[in-house]
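Peer 1: The sequence shown maps to residues 1 to 608 in the UniProt record's numbering.
A portion of the hints provided could be inaccurate.
[Said to hold, decoys possible] Here are the in silico distance ranges between beta carbons for each label pair:
| id | residue 1 | residue 2 | range |
| --- | --- | --- | --- |
| 1 | 67 | 102 | 30 to 38 angstroms |
| 2 | 169 | 536 | 36 to 44 angstroms |
| 3 | 46 | 173 | 33 to 41 angstroms |
| 4 | 376 | 550 | 19 to 27 angstroms |
| 5 | 141 | 552 | 35 to 43 angstroms |
| 6 | 274 | 67 | 19 to 27 angstroms |
| 7 | 568 | 381 | 25 to 33 angstroms |
| 8 | 536 | 229 | 48 to 56 angstroms |
| 9 | 585 | 550 | 20 to 28 angstroms |
| 10 | 213 | 173 | 25 to 33 angstroms |
| 11 | 535 | 464 | 42 to 50 angstroms |
Honestly, the hints are just simulated from the structure, not real lab data.
By construction, the Cβ of each residue, glycine as well, lies at the ideal position given by its N, Cα and C atoms.
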Amino acid sequence: MPQHTHASPPPAEDAAARAERARRAARIEGSLTAPGAPFAVVRGEQGALEYADGPRTLREFVETTWAYGDTPFLIAGERRYSYGEFFAAASALAVRLSERYGLRPGDRAVVAMRNHPEWQIAFWAVQLAGLIAVPLNAWWTEDEFTYALDDCEPGVLLVDGERMDRVAGWARRSGARVVLFQGRHGEGRLPDGLRGEARLPDGVRVERYEDLPAPDPLAAPPDVEPRPEDDATIIYTSGTTGRPKGAVATHLAQAGAALNPRYQAAASALGRGAVPGMGPAPVSLMTFPFFHVAAFTSFYGVMAAGGALVLMDKLNADEALRLIRAHGVTHFAGVPTTALQLLDAAERTGDGLASLTLFSTGGAAAPPGLVARLTARYGERIEPRNGYGLTETGGGVLANVGADYRAHPGAVGRPTPVTEVRIAAAAGEALPEGEVGELWLRGQSLFRGYWRDAAATAEAFRDGWFRTGDLAVERAGRVAVVDRITDMVIRGGENVYCVEVEGVLHDHPDVSDAAVLGIPHPVLGEEVVAVVRLRAGATVTAGALRDHVGGRLAAFKVPARVLFTDEPLPRNATGKLLKPRLRTLAEAAEPLTGSRSGPPPAHPLTGA
1 MPQHTHASPP PAEDAAARAE RARRAARIEG SLTAPGAPFA VVRGEQGALE YADGPRTLRE
61 FVETTWAYGD TPFLIAGERR YSYGEFFAAA SALAVRLSER YGLRPGDRAV VAMRNHPEWQ
121 IAFWAVQLAG LIAVPLNAWW TEDEFTYALD DCEPGVLLVD GERMDRVAGW ARRSGARVVL
181 FQGRHGEGRL PDGLRGEARL PDGVRVERYE DLPAPDPLAA PPDVEPRPED DATIIYTSGT
241 TGRPKGAVAT HLAQAGAALN PRYQAAASAL GRGAVPGMGP APVSLMTFPF FHVAAFTSFY
301 GVMAAGGALV LMDKLNADEA LRLIRAHGVT HFAGVPTTAL QLLDAAERTG DGLASLTLFS
361 TGGAAAPPGL VARLTARYGE RIEPRNGYGL TETGGGVLAN VGADYRAHPG AVGRPTPVTE
421 VRIAAAAGEA LPEGEVGELW LRGQSLFRGY WRDAAATAEA FRDGWFRTGD LAVERAGRVA
481 VVDRITDMVI RGGENVYCVE VEGVLHDHPD VSDAAVLGIP HPVLGEEVVA VVRLRAGATV
541 TAGALRDHVG GRLAAFKVPA RVLFTDEPLP RNATGKLLKP RLRTLAEAAE PLTGSRSGPP
601 PAHPLTGA
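Start from the sequences and build out the full structure, keeping to the hints where you can.
Peer 2: Structure (structure tokens):
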């Protein structure tokens, strides 16, 4: 079993230190956002804050990357695309979508494939053609694909071989065109019916991307100019609590999302005493699936700086270490589960992660102990970063970076300059600093509404503010998310924030993963239950874990029952726990009756 160094949490800052840190953050933001500064901010016509300069559409954003020319952009095994090759390929496909397929602005184009280089070619071809890109979850089943395809009604599907059999039926019924990205990278995984020239699905209008003419490096994209207010993307929510909804973002919103990581990088550099933009271009290991907004935050930042994306076919910590060494990767970003696996592998093998300068997590709540563990092993050489974003916000809109993150590991940080924060009471009024309420957001990168769902859109907004459904608290301009409203357990009238208890469980050296949830109780209303997966060889008992939590938190927050599982906890593609599934299994265990009297026994939980 790997050994872990669990550093003690940093001492709480006193009032003077908090004030000085807040003043320093304000000075940095002011130097970057004042009139004439690189990230100057204005109030837009719709009332939200916007970046005064920079691109107003995704087409404007991607056109600037052409200037990077022969600089490597996409690295996948032995295959590489320079920026020039990428832009030529995207332009050629965009011309085909417009001129050959007859697609027009407002038409939808689905992109569904693994993290192949061609995903980026397909997505940006859609933008260059002025269409609406719909990146779909590559892990979905045929039924899930069919639901989304019926909902967005695309005119073309840009898919790889693994997805072809899941969308072929819909394409046949609808008559939509399909571009199949097959090629050398996909042949080993294609369904049997798609191997060979004569075995494309009957009745589907499909072309192989590899059969199309080679891109002309001097050819221009279509003569299309999307407006900032035009729709650019429809990205479906994860659907952890119901059917996924299509969050629609305009070009202006996505342009704001593209500038947000550049602002955070500049603020981070100033915070370290460095000059923004003067270091080497980033080399980023892409572990997020491209269809998720956390990936957008990563590749937007890399593209704006002329950096490279190193792609992985499948998530594997040992392979990630090899790629980091082979390509001199400077930036790692992933869901907390993936980040912890990488640290485990590095400790097991003695890998010093010598090239890394940034270690970032997103997509799900990071255990507070993660940053202490990173610092204990690597000191301050690797900058830690955490943040907050949703499908509806266009990715990360708050960030917790470097020394601020080390001092406040339970926070998600400060907002970008075009993001306004309100901690709201049930009636919508802003709460005083330090009180827990719902996190409301307003700003340039937020979506405009849900695709063809006026009721859900109306429910999501109030007076122009987006209601996130997350409970949060703000202190000195810094936000900490304490739980989802729907995940909070109300035990005997006391609020228990599951994320807080999960963080304490993750701090135990024998715990590999943990989920905390509430199940019905006849006396208390709800009771707290933990589902825990231990590290290999660990022998800690349920009672010992309850004592561990009780030593850090109030008695009413201690799980009444600890359920153990040998299986990975169920998560979606972005690392979020699928608690409805866990709750069903937990409720099927021996029911809780009466009041608690001493530590209950642990119960095995299998099939989680």
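Peer 1: Please go over all the hints and tell whether each is borne out by the structure.
Peer 2: Okay, the hints, checked on the actual structure:
Between residue 67 and residue 102 the beta carbon distance is about 31 angstroms. The supplied range of 30 to 38 angstroms therefore holds. Distance hint check for residue 169 and residue 536: the Cβ-Cβ separation is about 42 angstroms, which falls inside the suggested range of 36 to 44 angstroms. The hinted range of 33 to 41 angstroms is satisfied by residue 46 and residue 173, whose Cβ atoms lie roughly 39 angstroms apart. Evaluation of the 19 to 27 angstroms hint for residue 376 and residue 550 yields a pass: the beta carbon distance comes to about 25 angstroms.
A C-beta distance of roughly 41 angstroms is found between residue 141 and residue 552, which places it inside the suggested range of 35 to 43 angstroms. Between residue 274 and residue 67 the CB atoms are about 24 angstroms apart, so this pair conforms to the stated range of 19 to 27 angstroms. A beta carbon spacing of about 31 angstroms between residue 568 and residue 381 agrees with the range 25 to 33 angstroms that was offered as a hint. The hinted window of 48 to 56 angstroms between residue 536 and residue 229 holds, with their beta carbons roughly 54 angstroms apart.
Checked against the given bound of 20 to 28 angstroms, the beta carbons of residue 585 and residue 550, roughly 25 angstroms apart, stay inside it. Remark: the range hint 25 to 33 angstroms for residue 213 to residue 173 is upheld by a beta-carbon distance near 30 angstroms. At about 47 angstroms, the beta-carbon gap between residue 535 and residue 464 stays in the expected band of 42 to 50 angstroms.
In terms of the numbered hints stated before, the structure departs from none.
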